Structures are given as C-alpha cells and as structure tokens.
Amino acid sequence: QSALTQPASVSGSPGQSITISCTGTSSDVGAYNYVTWYQQHPDKAPRVIISEVSNRPSGVSNRFSGSKSGNTASLTISGLQADDEADYYCSSYTTSDTYVFGTGTKVTVV
Amino acid sequence: QVQLQESGPGLVKPSGTLSLTCGVSLASISGHVWWNWLRQPPGEGLEWIGQIHHSGGGSSNPSLKSRVTISVDKSKNEFSLNLNSVTAADTAVYYCASNPGTGQFQYWGQGTLVTVSS
Numbered sequence: 064q065s066a067l068t069q070p071a072s073v074s075g076s077p078g079q080s081i082t083i084s085c086t087g088t089s090s091d092v093g094a095y096n097y098v099t100w101y102q103q104h105p106d107k108a109p110r111v112i113i114s115e116v117s118n119r120p121s122g123v124s125n126r127f128s129g130s131k132s133g134n135t136a137s138l139t140i141s142g143l144q145a146d147d148e149a150d151y152y153c154s155s156y157t158t159s160d161t162y163v164f165g166t167g168t169k170v171t172v173v
Numbered sequence: 019q020v021q022l023q024e025s026g027p028g029l030v031k032p033s034g035t036l037s038l039t040c041g042v043s044l045a046s047i048s049g050h051v052w053w054n055w056l057r058q059p060p061g062e063g064l065e066w067i068g069q070i071h072h073s074g075g076g077s078s079n080p081s082l083k084s085r086v087t088i089s090v091d092k093s094k095n096e097f098s099l100n101l102n103s104v105t106a107a108d109t110a111v112y113y114c115a116s117n118p119g120t121g122q123f124q125y126w127g128q129g130t131l132v133t134v135s136s
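Residue numbers (this note's numbering), protein chains in the order written: chain V, 64 to 173; chain P, 19 to 136.
Worth flagging that the hints you see were computed from the coordinates, not collected in a lab. Predicted model only: the values in this text are computed from it and were never measured. Glycine is no exception: its CB is placed at the ideal position from the N, C-alpha and C atoms. Do not rely on the hints blindly, as some may be mistaken.
Distance ranges between label pairs, derived from CB positions [claimed, not checked]: (1) P:S46 x V:K169: 34 to 42 Å; (2) P:N102 x V:N125: 15 to 23 Å; (3) V:N125 x P:K31: 30 to 38 Å.
A short list of chain P residues far from chain V (calculated; beta carbon distances all over 10 Å) [as the list claims (entries may be wrong)]: (4) S46; (5) S78; (6) Q122; (7) T133; (8) S135.
Build out the structure end to end from the sequences listed, making use of the hints.
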C-alpha cells in the first residue's frame, strides 16, 4: 500500500488560514469516511484533531476543521497560532482492512 | 481515559527479534477496542504495523506481515508485538495505540525508541 500524499510543508502568518491536502485512492480515502488527522509536536506522541473526516474530539479547538471530496481529504486550520506549529498527518482505513498514513506536513507559523 | 505504556528492550541486534509489550490501564483489553502498534523512524513519518482484537481478529501492514506477530494477554491486560529478522531499517520509536472502531488511533502510549545495532 502506498502512503497518502501530503504537501511536505505549509506556512502561514498568525491569524491566517491554511489548508493541508491528503490524496489517496478509491481503496482508502475514497472508500470510507475513516479519515483521521493527527497533530504531532516534537518528541511527542501524535494526537487526534479530526476523526471520521470532520469530527472534532472534545478539547480540540474549533479552529481545526476537516472535509473530503472524492479521494482527497483536507484539514483547514483557521486563525493560525504559534502553537499550531507542528507536523500533521492524515490516515485512512483501507479496503484491505489495513491503515495507511500520509507523508506528513510540517506547518510553520511565520 | 485509556492509558497505554510500552515496555521492552531499547537495543536489538540485527537479525534478532524485537519484542515489545503495551500495558493497558483504565480499560479492559477485552473491550470493543482494536489494539494497535505503530512506529516512526527518527525524522520520518508514521507507519502502521498492525492491530489485534481480544477475540483474536487482526490484520497487519502487508510490507511487514511476514515478520510481525501481535498477541493479547487477557490475564495481564496487555498486548505485545514481535518483529523478527530486524535490520537497521527497523530502528524507530514504537507506539501502541487504541482504536475504538472509528478508524482513529485515539489513545497513544508515550512511545519507546528501539535501536537495531550490533
């Protein structure tokens, strides 16, 4: 199985909005609504910020939102803050009963 | 909330077997949860290794399937990972995580670095 495709890096100024894409295939992203987004700060375990394409867990800022169209999922961070600087990964359940991650995106707040 | 803690050797010799255990607290290993192993090589991205359900069902990454065994110990409320024939490419931080059946790795252990070296 091939990794989902994400941009290597995205940057924005404080207060701006940025969007990270996650492109897969009809066997993963396009097959189910089991797309999850994770935020990972250096030397920390990842944490879920969006599950099932667009669900935001309790405690996660409403500045994070998710969507999906066809084989591409997207994460939008609005009102960018310094603490949003981190690595972001998407993951998807697949038709082979496996999971695949995205290549990861480094978000920089400039 | 569920608490997970990885344990095991931090150094494994090439061609040997990597063995890790994940202790589960504040939840029963026999619940409706899938128990997972994932890893992250230094400076690289996340990779899913495999999952197991207490009933015995499970699946694993096709790229690792021939080398991976994941098992559950209900009496100890823990699950384990064995990865055999390791090479330097298996050097990574290994995480255990829980999936409540919604496609997400909801709770994670802190991770443990395993280095493959002679």
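Structure-based check of each hint:
1. At roughly 38 Å, the beta-carbon separation of S46 of chain P and K169 of chain V lies within the given 34 to 42 Å, and the hint holds.
2. At about 46 Å, the beta-carbon gap between N102 of chain P and N125 of chain V misses the expected band of 15 to 23 Å.
3. In this structure the supplied range 30 to 38 Å is violated for N125 of chain V paired with K31 of chain P, their Cβ-Cβ distance being about 49 Å.
4. Every C-beta of chain V lies more than 10 Å from that of S46 of chain P, the closest at about 21 Å, which supports listing it as non-interface.
5. Taking the minimum C-beta to C-beta distance to chain V, about 7 Å, the non-interface status of S78 of chain P is violated against the 10 Å cut.
6. Non-interface status of Q122 of chain P relative to chain V is broken: a Cβ of that chain comes within 10 Å, the nearest being about 4 Å off.
7. A cut-off of 10 Å between C-beta atoms confirms that T133 of chain P is not in contact with chain V; the least separation is 16 Å.
8. Even its closest Cβ contact with chain V, about 21 Å, leaves S135 of chain P beyond 10 Å, as expected for a residue assigned away from the interface.
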